[in-house]
Structures are given as structure tokens and as C-alpha cells.
Amino acid sequence: MGSPSAPRANPRFAPTKNNFENELVFKVIMPLLEITNLSHNFGGLCALTKFSLEVKAGELVGLIGPNGAGKTTIFNLITGVFKVHEGVIKFQGQDITHWRSHRISSRGIARTFQNIRLFKELSVLDNVRLGAYARHAYSLLDAVGRSRNFRREEERQRQRAEALLARFNLSRYAGAPARNLPYGEQRRVEMARALISEPRLLLLDEPAAGMNQSETQELIRLILEIKEEFSLTIILIEHQMRVVQNLCQWVKVLDFGETIASGPPREIQQHPKVLAAYLGQDGALVEEEMENSASRSVIVGQ
Amino acid sequence: MVISEKRKKLLTWLGAVLLLVLSWLLPASGLLNPYVVQILMYLGINMILTLSLNLVNGYMGEFSVGHAGFMGIGAYAASIITVWFLPRAWAFWTFPAVLVAGGLAAAVAGLVVAFPSFRTRGDYLAIVTLAFNMIVKSVLENLEVVGGPRGFLGMPRLTNLFWVAAWVLITVMVLRRLVYSNFGRGITAIREDEVAANLTGVDTRRVKLYAFLVSAFFAGVAGGLFAHLLQFINPRSFSILKSTDMLVMVYLGGVGSLTGSLLGATIFTLLMEVLRPLGLWRWVVGPLLLVLLMIFRPQGIMGFKEWKWFKERAVSSEQ
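Residue numbers (this note's numbering), protein chains in the order written: chain A, 1 to 302; chain B, 1001 to 1319.
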């Protein structure tokens, strides 16, 4: 009774690199990430209202706003930490709104955290290897029987992890428990862990938190480097205007869960609503400081 | 002196074979007195139990307090198969398969705990496991077909030191291979930070399911060995008290460590034998030990540390 039907592509993992045409369409026309009318509230408290965002491949978008503005909530909604009740999130044209985190991650979205969340007791190497969990698949029986497939995948995974550690100057820490590393190194481990999954979209949650000026400059350079090296699209949450200015082509400003402004960083700086909300009462003072910092730093973003 | 990976592997296999040969020859030759052999068998069973519980409590960081439930299901399942379904003459040869069947029965029961673990964790999951243990015990007590509270008997004494040693080796081997794979790292990552684990791509539900299944399986096998050693089981053997013993062995030896599990089981089993003259007071030792441990060394003797022989070796893709 059944007519031979063409094998359908697994919708979970389509489209992939072998589909060049699709790939091209996504790169040129379709936004990589498309968020429409995303809202979220915590027991009546509106954390986010009707947030929309389009990110094209290769862009570097900044999300700024004062504490509690809903920036991290957006990341948590994109990556499936929070359940989405209202709104749609599409990644490469595919609706990922209700996916579980690990699926979203293996689909190509990786992130770092505001307060570093490494697996503290595990070695640095294991931390990074865990990022590649979904990229090197073998079954439980493969693992218990130490099959050929297992050995091959383990070997590749280890090599890729070691290469990344070397790239981030972390090789000498490979065997050390992650908790023993200095703060800056932990940030880099987190980045390596995110990058080993070969993401297209990287979400960086306040990567410059707790860093001084020279460390921040270093970080800006690193972010731009990895963006090129791994051909990434990046969304960046940031507190410091300076970082955003130097990095982002497009900035969205949030306050109390609402988008109050959006545009290139230069324009955003002058936006009255932004000055009022983000910079608070002492707007004029901070504005001055911002201008100073702007004149000091070079605009690197294209 | 650095021993090459290849030689290490060879030595490990040789050691395992030697252990098996000794476990066969020593009791047969009569060089070991039967009492010592008996204790060694209990020791082996305790090792399997401790290793299996450590996977959930140590590596995954959950707190299962109902592990005796899995052991009980394995014990009853294996005994029922031996007594009801198999001719006496076969029993000796089918024993390994019967143990596996007991383990599988326990693994199926493991689902009862694994599914709640998707949504619940920590204290609440501990209560689920506690309830599970109580359910198993009261179901067994009320099932007249298997003897109810009087217990179940009729199994031949099939457990010998050889089988116990073989299963200890199998358990160590399987768990070691599991621990040093993506699944094992996933299990440990769940302990460290479940949300972050899920975000880095670990299918946390699947990993938890595997952990509970494997853990329950080996507890069930240990139950089967226990039943065919004692030749008599009753529901009280699988009460919370038994679970507590296992917890003591895990937390004494060290959480998240295979070496620790073996060590904990050894110390506890021998201590209980030495303290036999204390009579009833002996049962105070276990819980008391647990209290002291939690205060002075909550991670146990070998907590998160491993004897270097058990550590991960670089995998080679050739061969």
C-alpha cells in the first residue's frame, strides 16, 4: 500500500554544509537569527517585552542596558534555559523556540556566562572536550566496548580540544582543575568550550566583567580575532560603552525589558532616551567620560 | 619509571586473569578457610554495590538513598528465575545469564527513578529514591507468591568466589570505560552545573537515564550474587538499613572515585566483621561513621581522586 517515498532529511539537523545553495541563501538574504516579539515575565514581573532582533551572518551586535534590563534573559530564552511563552526564535530559518538547550547548542549556538560557569572540579581539557559532546557521537556500547568508532572520535575530540587550548594559550593548564585557574584564564577556557562546538552564533554575556582597561583592550582584540578565525556571528551583552563602541556594528539598548533604542553605536550614544535610562541621573557626567573614552579608543568594527 | 601504555594494558589484563585464577584455585585447594572465603564474597558484593552507587551519588552528584531497592529487585528476579524456571541440572551453567537477567530487571526498575530525575534533583530526588526503596520492600512483603515477609528460598548455592571476582572486574571495567568517555564526563558535568552541561551540548536527560540504568543494573547483579550466596532472601534484607550501609561505603571510600569505592567497601566490610563481638551495637557503627565522615571529610578518603592505574589513558586510534 505504501508508495516508495523519498527519504526525508532529518528536520533536526537540516540544513547542513553539504547544501551549498541553502547555505548561500542563509548567508546573503536570510537573517541568521530572527527573534520576533519575545516576551518573558517572572511571576508578573516583566523581564522582557516584545523584543525583536535580526542578526545577519557575520554581524556583531551589542545588547546594552542597565542591570535588570533583561539582557541575560534574552540569552536564556535563546538558548532554552527558560521556556519561551511568547514570541518566536528562528535560527537559520528554523524555528528553535521550544527546543531543549543541548539541541540548540548542537544546532550552532554557543554561549558564555556573565558569572563564569565552568565545571570546576573537572580538568580544563575535560571542560573543553565537553563542549564537543554533540560533535563526536558514539553510543554507550561503543564506549563500554572501546570500539573503533569510539577510539577515532575520542582521538579527534582530544586533538581538537588540545588545538583550541593551544590557540587560547591554555595548554599548560590542560590537566589542572578549572577552579584553580586565574579569572582571566577561566574566561578563556569558557570561550574555548563554546568554540569547540563549532558554533555559527556566539553569545557573549559580559565578557569584560571584572576586567581592567588593558585586559579589556586585550579581550576586544581577542573577540575580533576569533570572529574572523571561526567566521562567527556574535551577540554581545555589555555594560561598558567602550567595549560596545569598539566592537559592535549595531547596538540595541534595553531598559526594564523594553527596547528603547537601536542603531549604530555612534548614534546610540547621543540618543536622549539612552542617556536618561542607561546613564541615569548623572547622564551629563558619564556622557563626558564616554566621549573621552571614545576619543581614546580606535573604532575597530567595520 | 615510566610504564608504556601498552605494557600497562597488558599488565592490567594479566592481573585480572591472575585474580580470576586465584579466586578459583584458592577456595578449591582448601588453603583459605571457608569463613575467609565467605567474607571475601561479601566484600566483592559490597564492592559492586558501592561502585554502582558511586556512579549516581559520587559522579553525578545526586543523592540516591534507595539503592537497596535495586539490589532487592535483582535478588528476587534472579532467584525466581533459578527456582521456578530452570531445571536444577542447568542452574550451574545458566548462573551468569540469571545474574544478567536480575540486573536487567533492576535496570528496568531504574527507570522509575530516572524519569523523575529529569525534573527533580537534590533533596527531592533523594525522597523519590527513599520512596522507591520503601515501595520495593512493601511490595515484596505483600507478595505471597514469593513468600511475603517470610522470604524466598530454594536457590542452590551458586555464588562462589570466582563469580564474585569476575563481576567485580566487569563492574570496574565497565564503569571505568564509562567514566572516561563523553557519557562519564557528561555525568560529572551534571554534578558540577547541570544547566551549563545542557548548554554545552550534553543531552542531560539521556546521560541521567544511562547513569541510573547502569547503576541499577550492577546493583541488581550484586543482589543476584547475594541471593545465591545466602540461599535465602527476605524483604528486610533490602531495607533502608542496607541502603545506608552502601552510602557509608561510598562516602567513606570517596565520592567520584573507583579506587575509593573499592577501598570504602573493603574497610567497611572488614570493620563490620571485626566488630562482630559487639553484637547489636555493631549497627550503630555504620550510621555513626556516616555522621563523623560528613563532619570531618565529606568527600571521603579518595574523594574525586583516582589511583593512577585507573586514570584515563590516551586512546590510540590504531590497532
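Since the hints were made in silico from the structure, they are not lab data.
Since the structure is predicted, the reported quantities are computational estimates derived from the model, not experimental observations.
Treat the hints loosely; a few may be bogus.
What the hints assert, rightly or not - The calculated label-pair distances, taken between Cβ atoms and stated as ranges, are: (1) B:ILE1240 to A:SER147: 38 to 46 Å; (2) B:VAL1036 to A:ARG100: 49 to 57 Å; (3) B:GLN1299 to A:LEU45: 34 to 42 Å; (4) A:SER147 to B:ILE1135: 35 to 43 Å; (5) B:VAL1285 to A:ASN169: 34 to 42 Å; (6) B:PRO1087 to A:LEU141: 50 to 58 Å; (7) B:GLU1005 to A:ASN212: 38 to 46 Å; (8) B:ARG1007 to A:GLU162: 49 to 57 Å; (9) A:LEU141 to B:TRP1090: 23 to 31 Å; (10) A:SER214 to B:ILE1127: 34 to 42 Å.
Unchecked claim - Here are some chain B residues pointing at chain A (derived, C-beta under 8 Å): (11) GLY1147; (12) PHE1183; (13) ARG1185; (14) ASP1193; (15) VAL1195; (16) VAL1202; (17) TYR1210.
Here a beta-carbon is modelled for each residue, glycine too, at the ideal position from N, C-alpha and C.
Going down the list of hints, with the structure as the test:
For the pair ILE1240 (chain B) and SER147 (chain A), the beta carbons lie near 40 Å from each other, so the given range of 38 to 46 Å is met. The beta-carbon spacing between VAL1036 (chain B) and ARG100 (chain A), approximately 53 Å, falls within the hinted interval of 49 to 57 Å. Against the hinted window of 34 to 42 Å, the Cβ-Cβ separation of GLN1299 (chain B) and LEU45 (chain A) comes to about 39 Å, which satisfies the hint. SER147 (chain A) and ILE1135 (chain B) have their C-beta atoms about 38 Å apart, which keeps the hinted 35 to 43 Å range intact.
Between VAL1285 (chain B) and ASN169 (chain A) the beta carbon distance is about 52 Å. The supplied range of 34 to 42 Å is therefore violated. The supplied range of 50 to 58 Å is broken by PRO1087 (chain B) and LEU141 (chain A), whose beta-carbon atoms lie about 32 Å from each other. Range check, GLU1005 (chain B) to ASN212 (chain A): about 45 Å between beta-carbon atoms, so the 38 to 46 Å window is met. Separation of ARG1007 (chain B) from GLU162 (chain A) is about 24 Å and departs from the stated range, judged on CB atoms against 49 to 57 Å.
The hint said 23 to 31 Å for the Cβ distance between LEU141 (chain A) and TRP1090 (chain B), and at roughly 28 Å that hint holds. Taking the beta carbon of each, SER214 (chain A) and ILE1127 (chain B) are about 52 Å apart, not inside 34 to 42 Å as hinted. Interface restraint check for GLY1147 (chain B): the shortest CB-CB distance to chain A comes to about 36 Å, outside 8 Å, so the restraint is violated. Restraint check, PHE1183 (chain B) versus chain A: the minimum CB separation of about 6 Å is within 8 Å; hint holds.
For ARG1185 (chain B), the interface hint holds, since its Cβ comes within 8 Å of a Cβ in chain A; the closest pair sits about 5 Å apart. The beta carbon of ASP1193 (chain B) is positioned within 8 Å of a beta carbon in chain A (closest approach about 5 Å), and the interface hint is therefore held. Because the beta carbon of VAL1195 (chain B) sits about 6 Å from the nearest beta carbon in chain A, less than 8 Å, this interface hint is met. Because the beta carbon of VAL1202 (chain B) sits about 5 Å from the nearest beta carbon in chain A, less than 8 Å, this interface hint is met.
For TYR1210 (chain B), the suggested interface contact is upheld, since its CB lies about 6 Å from the closest CB of chain A, less than 8 Å.
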